[in-house]
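So the sequence lines, in the order shown, correspond to chains A and B.
Letter 44 of the first sequence, counting from 1, is numbered 44 in our numbering, and no numbers are missing.
Letter 118 of the second sequence, counting from 1, is numbered 242 in our numbering, and no numbers are missing.
Some hints could be false.
Stated by the list, open to error - A short list of chain B residues far from chain A (calculated; beta carbon distances all over 12 Å): (1) S133; (2) I134; (3) P149; (4) H179; (5) W192; (6) N195; (7) T204; (8) P210; (9) H216; (10) L221; (11) E222; (12) G238; (13) D243.
What the hints assert, rightly or not - Some chain A residues judged to face chain B by a derived CB distance under 8 Å, without partners named: (14) G41; (15) L91; (16) K103; (17) L124.
Said to hold, decoys possible - Restraint-style ranges between C-beta atoms, simulated for each label pair: (18) A/L124 / B/N156: 19 to 29 Å; (19) A/Q46 / B/T219: 43 to 53 Å; (20) A/H65 / B/I223: 41 to 51 Å; (21) A/Q56 / B/R183: 34 to 44 Å; (22) A/H65 / B/K187: 42 to 52 Å; (23) A/I11 / B/E157: 30 to 40 Å; (24) B/E222 / A/K103: 14 to 24 Å; (25) B/Q180 / A/N102: 41 to 51 Å; (26) A/L97 / B/L136: 34 to 44 Å; (27) A/M1 / B/E222: 20 to 30 Å; (28) A/V44 / B/N226: 42 to 52 Å; (29) A/I99 / B/I223: 18 to 28 Å; (30) A/R67 / B/T219: 40 to 50 Å.
It is worth saying that the hints were derived from the structure and are not from the lab.
Everything numeric in this text was worked out from a predicted model, so none of it was measured.
Virtual Cβ for every residue (Gly too), placed ideally from N, Cα, C.
Number of protein chains: 2
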Amino acid sequence: MPIGFVESSIILREDAPSQGDEGAPDAWIILNEHVTEGLEGIYVGQRLIILTWFHQSKRNVLKLHPRWDKNNPLTGVFATRSPDRPNPIGLHPATVLEIQENKIKVSSLEAINGTPVIDIKPDL
Amino acid sequence: MPIGFVESSIILREDAPSQGDEGAPDAWIILNEHVTEGLEGIYVGQRLIILTWFHQSKRNVLKLHPRWDKNNPLTGVFATRSPDRPNPIGLHPATVLEIQENKIKVSSLEAINGTPVIDIKPDL
């Protein structure tokens, strides 16, 4: 069950960069009301890991050419960060830019608008 | 749906350290047969992030005293790494020690025997 969702200017999957540091825009994480108090203690400037569920992913992919490049050798999905994978969980390291009641703005998130958020943790 | 499970000498939750670098033992990740080919390309010495599902967690916890210490101030769950959280996903950075057909041995995993594994990724 999602705890919230991503509000982003990226609308289509083909417009999302492969990693956050490859030009992804800042985005809002909108928390469901019933879990909002779980944000207490998060502060501007903190490094977090946002966990998302790539709801548009193919879940039957076990091998692939990394970065959709046929020049890269066919590789097991667990050795890659492909969003197409059996459980399509995204890990997004991000910095907190702003906090408002039930939402937080974070830097450079490579997830499309409407992507479910399943957890938020302090960075490893 | 799990992709496999943890085989560990830690049997009880109260015996698991809070973090892998606090004395957790090496453990095996046993993959389900139908996803085994997803391991191809993983190598001994590689740094991975193992994602687990803490199946014994309480999922209604929104605030807590970090590390179960009343001296720590009550904190929102998303600002902590508590295993008790709405979606009890564990992130475990670990090094690959050995690979055998459908299983990999990794260093210092703070998850109990039988914990479901939901994803494996290269380290961030």
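Next on the checklist: Let me make sure I understand: some of the numbered hints might not hold for this structure. Which ones are they, in numerical order?
Outcome noted: 7, 8, 9, 13, 16, 19, 20, 21, 24, 25, 27, 29 and 30
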